Amino acid sequence: MRDPRYDILFEPMKIGPLTAKNRFYQVPHCNGGGYRDPSAAAEMRGIKAEGGWGVIFTEQCEMHHTSEITPFIELRLWEDKDIPQLRKMSEKMKTHGALAGIQLAYSGINGPNLYSKEVPLAPSALPIRTFTNDPVQARALDKRDIKDLRRWFVNAAKRSKEAGFDLICLYGAHGFGIFQHFLSRATNQRSDEYGGSLENRARFSQEVIADMRDAVGDSMAITLRVSLDETIGELGFSNAEVRDYIEMNKDLPDLWDLAQGTWEDCSGPSRFKEEAAQEQLVRGIHELTEKPIVGVGRFTSPDVMAKMVKSGTLDFIGCARPSIADPFLPKKIEEGRIEDIRECIGCNICITGDMTMSISRCTQNPTFMEEWRKGWHPEKMNTKGGSDNVLIVGSGPAGLEAAWALCRRGYDVAVAEARDVIGGRVTRERQLPGLNAWGRVVDYRDYQLSQRPNVEIYRESPLDADSILEFGFENVCIATGSTWRRDGVARQHVVPMPVGEGAKVYTPDDLMDGTLPEGRVVVYDDDHYYMGGVLAELLASKGAQVTLVTPSAYVSDWTNNTLEQVAIHPRLVEAGVEIVLNQGITEIHAGHVVSNCTYTDRTWTIEADAVVMVASRIGNDALYEDLLSRQAEWLDAGIKSVKLIGDANAPGPIAWATYAGHRYARELDGPDLGDALPFRREITELAAE
1 MRDPRYDILF EPMKIGPLTA KNRFYQVPHC NGGGYRDPSA AAEMRGIKAE GGWGVIFTEQ
61 CEMHHTSEIT PFIELRLWED KDIPQLRKMS EKMKTHGALA GIQLAYSGIN GPNLYSKEVP
121 LAPSALPIRT FTNDPVQARA LDKRDIKDLR RWFVNAAKRS KEAGFDLICL YGAHGFGIFQ
181 HFLSRATNQR SDEYGGSLEN RARFSQEVIA DMRDAVGDSM AITLRVSLDE TIGELGFSNA
241 EVRDYIEMNK DLPDLWDLAQ GTWEDCSGPS RFKEEAAQEQ LVRGIHELTE KPIVGVGRFT
301 SPDVMAKMVK SGTLDFIGCA RPSIADPFLP KKIEEGRIED IRECIGCNIC ITGDMTMSIS
361 RCTQNPTFME EWRKGWHPEK MNTKGGSDNV LIVGSGPAGL EAAWALCRRG YDVAVAEARD
421 VIGGRVTRER QLPGLNAWGR VVDYRDYQLS QRPNVEIYRE SPLDADSILE FGFENVCIAT
481 GSTWRRDGVA RQHVVPMPVG EGAKVYTPDD LMDGTLPEGR VVVYDDDHYY MGGVLAELLA
541 SKGAQVTLVT PSAYVSDWTN NTLEQVAIHP RLVEAGVEIV LNQGITEIHA GHVVSNCTYT
601 DRTWTIEADA VVMVASRIGN DALYEDLLSR QAEWLDAGIK SVKLIGDANA PGPIAWATYA
661 GHRYARELDG PDLGDALPFR REITELAAE
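Position one of the sequence shown corresponds to residue 1 (the UniProt record's numbering), numbered consecutively onward.
Simulated from the structure, these hints should not be mistaken for laboratory data.
One thing to keep in mind: the hints can contain errors.
Calculated pairs, DSSO-like style, for lysine-lysine (alpha carbon to alpha carbon, straight line, at most 27 Å) [claimed, not checked]:
hint, residue 1, residue 2
1, K273, K542
2, K273, K332
3, K374, K331
4, K81, K147
Quantities reported herein were computed from a predicted structural model and do not represent experimental measurements.
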């Protein structure tokens, strides 16, 4: 039963001519599928409709071929033949009474047009701004171009209506949309009626929205997503100017969608951004307009959500990442099941799907983007197979997720954990700087498993092959995690690195166990995800003189895909860490290391009392190999299957581990697929000759 404190979140709200059934508003978010995987993306949105969201939006949809962001894979609405796949999505969105929205994007100065080969168009002639610094410049829109662009928006609006959408969001935030480019003096350096004063810079948005209203009548609502603050100084579209713009155009859209200036600021990870981090930028804006406002801030707490509405700061609770981690968040609040919410941990692994042009993942919700491809529902499991019980060895993220999914299928599950605490790597890593929220991966599963009568967790229970063969479990799942290598084998070194006598070498496992080197410490990062940067920050905070050496051109290179890199580097500089890029380590000695240039191989020494080796990991698969060597004994022991999963099988990010655990649970006792694909996919239809 719903807690009355949250009643306000379920009040219907008007958006122009429409009424949303509640205040839960899934703002546009990417998923790595786009035009390549339309059915997968549509089913994912449909699951959110089932989960109770009042408003559901697509990701950004490129509305014209003269502005596209290849290689990134988004939706496209370039011509009428794009309508059917988008109609499929809108229909899925509306299955449970939600309003279906489409975000129309013209990327302007962010659109390199690598696929269409068109010359990019922007308010002013400037180099294209992309993640990969493409060597392309945009041509300044002339008056005829602006007239054409207005017509293209009208055409896109008409197609959106035909595709069945209720709302249109015009993208002008995160630096990605043409509306922000016109509004910001950093990208609008025009001297005509579209540049200079705020009144002039606002003209384009006013004209487009008026054109679209004439085109689609009063049957659709038009929302405008604008940046709250570009945070780039006087040239940028500041929070003060945003307020002036909204006051000047208070009735322009049917809803104001407010988001931070850059994507990195808006979707900052939990390491650097707290829940509701944008509240101060939004507070007071409602005094300038009577139109409803939606804002974001990785909202996971219903108390914070209710506070945002009751205080008059927001009318709608905008969620992207929390709606991915738990598509049923609204329904669980409505049903009084707060403890069942899978809270977003703010790791931003979902964003990496977009950045790597691949199907997205979620650490908390391994069913994300597998709803259509594999038929996985986030709240419903397939029925139990022919066997009855499973022994899981290891209680890290893979083991816990496997246990949680298996018990819901109806299996009796025993989890054996060698340590006195469960959670494996997550329990250890959550103690590191900024990673506390990642502990929700364990907390959620620990609580859920405690509510199930068919699960037992045995702590301080290391097992060997003899013990397992004696127990009589039908299925054995080995999820024993991995260990960081001490010998430096990773990318630079494919064989162990030379280490001199007396050299002090530590691994991340040593530091997480409480052994912290002192004095001059070199952190060698050939892993390139978060661990090297986090450990450098930890050691600096404890007084060590830290030098971080990496063969990459960036600190924590792969975190460019999680939008963390731009925050990690300055954080380390502020902590006093010396950063050495494009250099490796070739030898380690007592008192110094030999470093080499990754391009010239020229070497020099760096003084060091100790080295922290952040290289690669070795899967802890000895128990699995031992059981395999005794396969002849399985039948007498009643064992039907033994499976190695997660980091023990192949170390990776935590999201890979929870996915592995979930997949194991889904596929147990399933048919042998042979050489068939384990998921569905869509392929391009050949055009007629």
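Verification of the hints:
{"no.": "1", "hint": "K273 <-> K542", "result": "23 Å, holds"}
{"no.": "2", "hint": "K273 <-> K332", "result": "25 Å, holds"}
{"no.": "3", "hint": "K374 <-> K331", "result": "24 Å, holds"}
{"no.": "4", "hint": "K81 <-> K147", "result": "24 Å, holds"}
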